[in-house]
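Novice: Following the hints, put chain A in place on chain E, whose structure we already have.
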Amino acid sequence: MIPAAFDYTRPSGVDEAVGALRDGGEDAKVLAGGQSLIPMLRMRLASPTTVVDLGDVTEMRGVRDDGDALVIGAMTTHDEILHDPLVHEHAPLIAQATETVADRQVRHLGTFGGSLAHADPAGDLPSVASALDATFEVAGPSGRRSVPASEFFVDYLTTVLEPDDLLVSVRVPKLTGWGTHYEKFNRVAQAWALVGVAAAVRRSNGSVAEARVALTNMGPTPVRAYGVEDALTGTAATEDSLAAAAQRAADGAEPSSDPSASAEYRMHLATVLTRRALQAAGGA
Amino acid sequence: MTRVSMTVDGVSYDDDVEPRTLLVHHLRERLGKVGTVVGCDTSNCGACTVMLAGKSVKSCSVLAVQADGADVTTVEGLAGRDGELHPVQQAFHESHALQCGYCTPGMIMAAVDLLSENPDPSDGEVREGLEGNLCRCTGYQNIVRAVRDAAASMRGTVPTAQEPAAEASAASTASTASTASSPGEPASQGVTT
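Each protein sequence line maps, in turn, to chains E and A. Under the UniProt record's numbering, read the first sequence as residues 1 to 284, first letter to last. Under the UniProt record's numbering, read the second sequence as residues 1 to 193, first letter to last.
Be a bit skeptical, because a hint or two may be false.
Unchecked claim - Which stretches of chain E does chain A cover? Using the computed rule of at least three CB atoms under 8 angstroms from a CB of chain A, they are:
| # | region |
| --- | --- |
| 1 | 4-16 |
| 2 | 24-38 |
| 3 | 104-112 |
Derived by calculation from the structure, the hints in this document are not laboratory data. All residues carry an ideal CB built from backbone N, CA and C; glycine is no exception.
Excised from the complex, chain E in its bound form (with noise of 0.2 angstroms):
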């Protein structure tokens, strides 16, 4: 189908894209890599009465080394930051979890903030995101401000994010010496999770010293498994251990049924996929 008609503006930096999206009232929306939007607005299930294409803002592309955090531009692409050095060395989780989203031609595209500003529970990077412990910056129309991962997902395809907000960028902390893995399930025909989990695990002295775990879809935002966490935390780093404290990835979920799975089918793959993740991050 062809798309309702919209006002279309190209601003060139933060601030006039902000100031666009003020203008364009509550039913402005975000262009950024557009895999997302465009499909929605094709179907009709979206019609925008402004789009704000962020092509233009440079300054929101790219990754950069901030001492013990890299920062990642929003509008950074998949398919950059697969071909990212400091991603691959600092923080491998976003690589390996960002080659599992969709297909050559979306990573082409799409974004790396779009895909968490969007927050669909299927999709990989909220949840690797949740696990890093990742700040939001965001700029809206009073100024900047941070967000923690753990307050930027309020809802199905919710963030705190308002109508006037732009996400600008993620600081993702360094995690020097840990191991992580994500581990996801999907259709072969369609590339989202039905259930994925990303963990990281930091072993002293063959222990755990530290641990997180968040899952992908197994409810309407990115879930951490407190529960695995603290199981983990101090025990030995022994494949019964892990796979012990994996039991408990699904407490306190409340995933969604789907004709692809239903929910109890989800809380068994996030045992299994959890035990294979803690495995692979932090196992001998």
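Specialist: For chain A alone, coordinates are given in the frame of chain E:
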């Protein structure tokens, strides 16, 4: 209406377009580039794949205004000006890598993109690399064979290992300067449906 300038298959175009116009509709309906087809209209099938600034994209999921200032290559722009097929086109022809042919323009463009990054893919890497393209005749076996044959033939001529990209940009420069190419000129090759 928004003014949009783009170079498509080596020819420069300036048009006023509605912002809601999808790139695939602009290519087909305004510029006559009907070699690029609309398959599913839901971003799944990849039949509408073209190269935008040197990278494969699904042109049903791009607004024409987003391609402003960019270089676009469709399946119609792959063959040499003398009509010589691109190695991927030639391999699809020789391996009979098509049944109904509807997915072929997108498959070929996706394959050209894949080979530009990985000149010697395994069967598995070809399948993974073409995951954004569906063939509902399920003719994947011959498609994989054709892509690997094309890769071998492109590697075979070592001095022109970069041939696809170099050729495309050379053709692009040549036709932009030439008055022989007219906007909307039909494809000279019969690889499209």
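Novice: Evaluate each hint against the coordinates.
Specialist: We went through each hint and held it up to the structure:
1. 4-16: holds (count 6)
2. 24-38: holds (count 4)
3. 104-112: This one holds; 5 residues, not fewer than the three required, reach chain A with a Cβ under 8 angstroms.
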